[in-house]
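Participant: Sequences and hints are given; from them, build the entire structure.
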Amino acid sequence: MLDFGRPARTPTLDIAYADSGPADGPIVILLHGWPDAARAWNAVAARLNAAGYRTIVPELRGAGGTRFLAADTVRDGSGVALAKDAVDLADALGIARFDVVGHDWGARAAYTISALFPGRVRRMAALALAYQPRGVFRLPDFSQARRFWYQWFMSLDGGPDAVAADPKGFARIQWDTWSPPGWFDEAEFAATARAFDNPDWVPITLNAYRRRWRGDQPSDPALAELYARLATIERIGVPALMIQGGADSCDEPASSEGQEGYFTAGYRRVVIEGAGHFPLREAPDAVADAVIAHLA
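Here the working numbering is used: position 138 in the sequence shown is 138, and no number is missing along the way.
Careful: at least some of the hints might be erroneous.
[Stated by the list, open to error] Restraint ranges, calculated between C-beta atoms of paired labels, are given here: (1) 1 to 229: 26 to 32 Å; (2) 253 to 73: 18 to 24 Å; (3) 172 to 134: 30 to 36 Å; (4) 188 to 296: 27 to 33 Å; (5) 118 to 185: 23 to 29 Å; (6) 265 to 229: 35 to 41 Å; (7) 5 to 188: 19 to 25 Å; (8) 50 to 182: 23 to 29 Å; (9) 187 to 97: 44 to 50 Å; (10) 161 to 94: 40 to 46 Å; (11) 119 to 157: 40 to 46 Å; (12) 71 to 246: 29 to 35 Å; (13) 134 to 1: 18 to 24 Å.
If you are wondering where the hints come from, they were derived from the structure by calculation, not from laboratory data. Treat the numbers as computed from the prediction; the structure is a model and nothing was measured. Glycine included, each C-beta is placed from N, C-alpha and C at the ideal position.
Facilitator: Below, the structure written as structure tokens:
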């Protein structure tokens, strides 16, 4: 099991993270998704460590033991913010170059790091989320829009109060519906949901989703230059792997098809049949096999 007891201080956060595997191995940063926690990487990290890789697994802003240093910092939940956090963590640990693998929110961060900081990334992999050129969220078709009910709910005027009243209940609906049944037990959800007790979990969640569809959400002004630069980037020049659950009920598998043209250094898409939105938990060996082959 990964140990998240050690903190690293960056300009914005005290980041709780786990560091495992051979100290001199190639470094892989593993970024978790929403609504999930860094413990989701337990099985995949163990496989990577056994294959000779050192893994750095942070708890994202708003999750687990990670905390903001200042009360007045904007609780910006964007992919740009998550990407900068990961690079800041690498800086704090003296890591110049790394591989990055992300799931869901972590996938968006992995794409964004590769777009904004290509010199820092050797190879990247994304689970469950397709790439969004220029960081633009486009209104989905009716079929996908039905699956995004939770985003529309949070965008309503009364949505924030409802989520804040029962954040774990809100998260549980996604676990129950985004993948075929039977992939988790009550003990695992309870252990994961402790990460949602972070006082910034709700603010970060709401900012991340409401900013996509409303023009009234704040961004951290310290990230303004990165936002502006991302808006100009269409293609990624880092070798990329995309892992898609064939039974994903959140992001339709079709949404990640046909993206090869956005990747100038190579791109491969792997579909894990029968897996839903959480393939790192549902099919960790298949994910580890694909990631290890890609990184090698």
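Participant: If a hint holds in the structure, say so; if it doesn't, say that too.
Facilitator: Structure-based check of each hint:
1. A beta carbon spacing of about 38 Å between residue 1 and residue 229 contradicts the range 26 to 32 Å that was offered as a hint.
2. Between residue 253 and residue 73 the Cβ separation comes to about 37 Å, which falls outside the hinted range of 18 to 24 Å.
3. Between residue 172 and residue 134 the Cβ separation comes to about 34 Å, which falls inside the hinted range of 30 to 36 Å.
4. For residue 188 and residue 296, the hinted distance range of 27 to 33 Å is satisfied, since their beta carbons lie about 30 Å from each other.
5. For residue 118 and residue 185, the Cβ-Cβ distance of about 40 Å falls outside the hinted range of 23 to 29 Å, so the restraint is violated.
6. The given range of 35 to 41 Å is broken by residue 265 and residue 229, whose C-beta atoms sit roughly 19 Å from each other.
7. Remark: the range hint 19 to 25 Å for residue 5 to residue 188 is upheld by a beta-carbon distance near 20 Å.
8. At roughly 27 Å, the beta-carbon separation of residue 50 and residue 182 lies within the given 23 to 29 Å, and the hint holds.
9. Judged by the Cβ atoms, the range 44 to 50 Å given for residue 187 and residue 97 is violated: they are separated by roughly 38 Å.
10. For the pair residue 161 and residue 94, the beta carbons lie near 43 Å from each other, so the given range of 40 to 46 Å is met.
11. At roughly 43 Å, the beta-carbon separation of residue 119 and residue 157 lies within the given 40 to 46 Å, and the hint holds.
12. The given range of 29 to 35 Å is broken by residue 71 and residue 246, whose C-beta atoms sit roughly 44 Å from each other.
13. Residue 134 and residue 1 have their C-beta atoms about 39 Å apart, which leaves the hinted 18 to 24 Å range violated.
When each numbered hint is compared with the structure, violations occur for hints 1, 2, 5, 6, 9, 12, 13.
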